[in-house]
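Based on the hints, put chain B in the right spot on chain A.
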Amino acid sequence: MNEITNDEIKCERALEDLHNVMDPEIGLNVVDLGLIYQLDFDDTDKKLYCTMTLTTQFCPMGESIQSGVTNSLEQTFPDYAANVKVIFDPPWSAEKISPEGRDYLNY
Amino acid sequence: MFPSSPTAGLAQNTSYKVVLPFYIYGALSFLIATILLLFSSSALVQHYFHPQTLAITHAMALGWGTMMILGASHQLVPVLIEGKLYSDALAYLSFLSAAIGIPLLVYGFYHFYFGWEAQWGAILINAAIVFYLINIAVSMIKSKKENVHAVFVFTATLWLLITIIVGLFLVFNFTHNILSQDSLHYLPLHAHLGIIGWFLLLVLGVASRLIPLFLISKYHNVKILWWIYGLVNFGLISFIVIFLYIGKSWLYFFPLSAILISIIMFGFFCKKAYLDRLRKKVDDQLKISLFSVLMMLLPLLVLLIIILMMLFSVDDPKLILTYGFCIFFGWITAIIFGMTFKTLPFILWNKAYHDKAGMGKTPNPRELFNNKIFQIMSVFYLAGFILLIAGILISNTFILKFAALLLVVTAFLYNTNVFKMIMHKPKKI
Numbered sequence: 001m002n003e004i005t006n007d008e009i010k011c012e013r014a015l016e017d018l019h020n021v022m023d024p025e026i027g028l029n030v031v032d033l034g035l036i037y038q039l040d041f042d043d044t045d046k047k048l049y050c051t052m053t054l055t056t057q058f059c060p061m062g063e064s065i066q067s068g069v070t071n072s073l074e075q076t077f078p079d080y081a082a083n084v085k086v087i088f089d090p091p092w093s094a095e096k097i098s099p100e101g102r103d104y105l106n107y
Numbered sequence: 001m002f003p004s005s006p007t008a009g010l011a012q013n014t015s016y017k018v019v020l021p022f023y024i025y026g027a028l029s030f031l032i033a034t035i036l037l038l039f040s041s042s043a044l045v046q047h048y049f050h051p052q053t054l055a056i057t058h059a060m061a062l063g064w065g066t067m068m069i070l071g072a073s074h075q076l077v078p079v080l081i082e083g084k085l086y087s088d089a090l091a092y093l094s095f096l097s098a099a100i101g102i103p104l105l106v107y108g109f110y111h112f113y114f115g116w117e118a119q120w121g122a123i124l125i126n127a128a129i130v131f132y133l134i135n136i137a138v139s140m141i142k143s144k145k146e147n148v149h150a151v152f153v154f155t156a157t158l159w160l161l162i163t164i165i166v167g168l169f170l171v172f173n174f175t176h177n178i179l180s181q182d183s184l185h186y187l188p189l190h191a192h193l194g195i196i197g198w199f200l201l202l203v204l205g206v207a208s209r210l211i212p213l214f215l216i217s218k219y220h221n222v223k224i225l226w227w228i229y230g231l232v233n234f235g236l237i238s239f240i241v242i243f244l245y246i247g248k249s250w251l252y253f254f255p256l257s258a259i260l261i262s263i264i265m266f267g268f269f270c271k272k273a274y275l276d277r278l279r280k281k282v283d284d285q286l287k288i289s290l291f292s293v294l295m296m297l298l299p300l301l302v303l304l305i306i307i308l309m310m311l312f313s314v315d316d317p318k319l320i321l322t323y324g325f326c327i328f329f330g331w332i333t334a335i336i337f338g339m340t341f342k343t344l345p346f347i348l349w350n351k352a353y354h355d356k357a358g359m360g361k362t363p364n365p366r367e368l369f370n371n372k373i374f375q376i377m378s379v380f381y382l383a384g385f386i387l388l389i390a391g392i393l394i395s396n397t398f399i400l401k402f403a404a405l406l407l408v409v410t411a412f413l414y415n416t417n418v419f420k421m422i423m424h425k426p427k428k429i
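Top to bottom, those sequences are chains A and B.
First residue of the first sequence: 1, per the working numbering; consecutive thereafter.
First residue of the second sequence: 1, per the working numbering; consecutive thereafter.
It is worth saying that the hints were derived from the structure and are not from the lab.
Quantities reported herein were computed from a predicted structural model and do not represent experimental measurements.
Zero decoy hints are in this set.
Derived DEER-like restraints, expressed as beta-carbon distance ranges:
1. A:Pro99 x B:Gly267: 30 to 36 angstroms
2. A:Pro99 x B:Leu382: 37 to 43 angstroms
3. B:Lys84 x A:Tyr37: 24 to 30 angstroms
4. A:Tyr37 x B:Lys218: 17 to 23 angstroms
5. A:Ser93 x B:Gly267: 25 to 31 angstroms
6. A:Ser93 x B:Phe49: 54 to 60 angstroms
7. A:Tyr37 x B:Leu393: 56 to 62 angstroms
8. A:Pro90 x B:Ile246: 51 to 57 angstroms
9. B:Lys17 x A:Glu100: 35 to 41 angstroms
10. B:Tyr92 x A:Glu12: 45 to 51 angstroms
11. A:Glu95 x B:Lys420: 34 to 40 angstroms
12. A:Asp79 x B:Tyr219: 41 to 47 angstroms
List time: in silico DSSO-like cross-link candidates among lysine-lysine, alpha-carbon distance up to 30 angstroms:
13. A:Lys96 x B:Lys356
14. A:Lys47 x B:Lys428
15. A:Lys96 x B:Lys271
16. A:Lys96 x B:Lys281
17. B:Lys17 x B:Lys84
18. B:Lys356 x A:Lys10
19. A:Lys10 x B:Lys361
20. B:Lys356 x A:Lys47
Residues from chain B that keep clear of chain A, each with C-beta distances beyond 12 angstroms, as calculated:
21. Pro21
22. Pro51
23. Tyr86
We put the CB at the ideal spot given by N, CA and C, even for glycine.
Next comes chain A alone, as it looks inside the complex (with noise of 0.2 angstroms):
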């Protein structure tokens, strides 16, 4: 079985690049808003994954934010192939937003 990492390097460059990623509704990039729940590399596969969420299961723009995430990490790790997926388990709540969305939200 190939060994899965959560290698602190390589999610940090991941998430520096996710901030790109927005939700076109709310304005803000998806690290922020607390939508990434976890990222784990597989190195021998060169295969990466991405679990996400969305602030709600009713998005409309789900399908385009999942493709935004997996467009950036794919273009971070080029040698990767993304594989992201959608969970709404455990659910988003308001108290995933970093500090600096809260401010840009005036929340």
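Coordinates of chain B only, in the frame set by chain A:
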């Protein structure tokens, strides 16, 4: 590592190719209806069963209100049921039938001639709604994730089907006397089936999902929504029974009260969602959508006066006209204005930037239209609507013509923004 589908539980967008024709048709119908209003404004000082008034009302109810709502719901139903639209082909068929049928019917009303044009118009509109109903029903059955919002939409569509079947009978009744009374007698039944059963139920069902969604509010209260659903249906069914079998004017207070309570409860729902919102700054499009909730009360107030006058056997056609125009030019138009600029930018953004998302800076969906034009349009609209109602109430043709002119400008500005979005060319990333 991921055993299930990475998109499980995620709504699958309907193709923009399915939705756009409805939006374009709706926008153009609104422009045509306001132009008809401008050239027929003198009809509004006469009885409400005037051919030109009937033509304008049907252009607004079917061409504008229904086509916009059909377009939006082909996009939103998959979101509500967390599934996908069953058939694009049925959606195209539905559009084509309605797109041909509506002008034929409006033409028939305008000339008060109920020959093959009006008859085929009514048949084609019925076919359009049957196609839509099958599409929505099969989508829901396949998704197996019905929720209160989807039940609102489905029930509203059933009421729409009943409305247009009654409408079909009324059209044929002009030439074949198939009903026991003339078509004018059944007009209140036909109108309320459409207004309460279709428009009100559908708007409440969809808005109760979209308003918290766009406010980024976590407030949700399924119990209150089921109460609203029950009250609206009780109000409509009791109205039908009283109208067809009892006929006592004072009894209409029961359906009126049920509808009034349901709207007050919906206002309470919106207020709670507003107070619980994550996004503190509310944009103009959402403001006008919330304002339209208040505008629902205006026709109800007029209806209350109409019922009170009926108790004293006083019949004022002006008030009935005011009631109808408050609904079509007031509440329904306001909510469509708000929701067009909350849904269409996302549909077109997805079309232009879906594959480019995350690869660089993309414009925000709300940058696809001009907010300044939206604000100017809102001012023209409010002034036009207020003057229109004033003109009807005091039977002044000059005010009516001026109001119609303001509404033509409103429709022109609305179309400008809609076509600006549609013509948007994706920027290079």
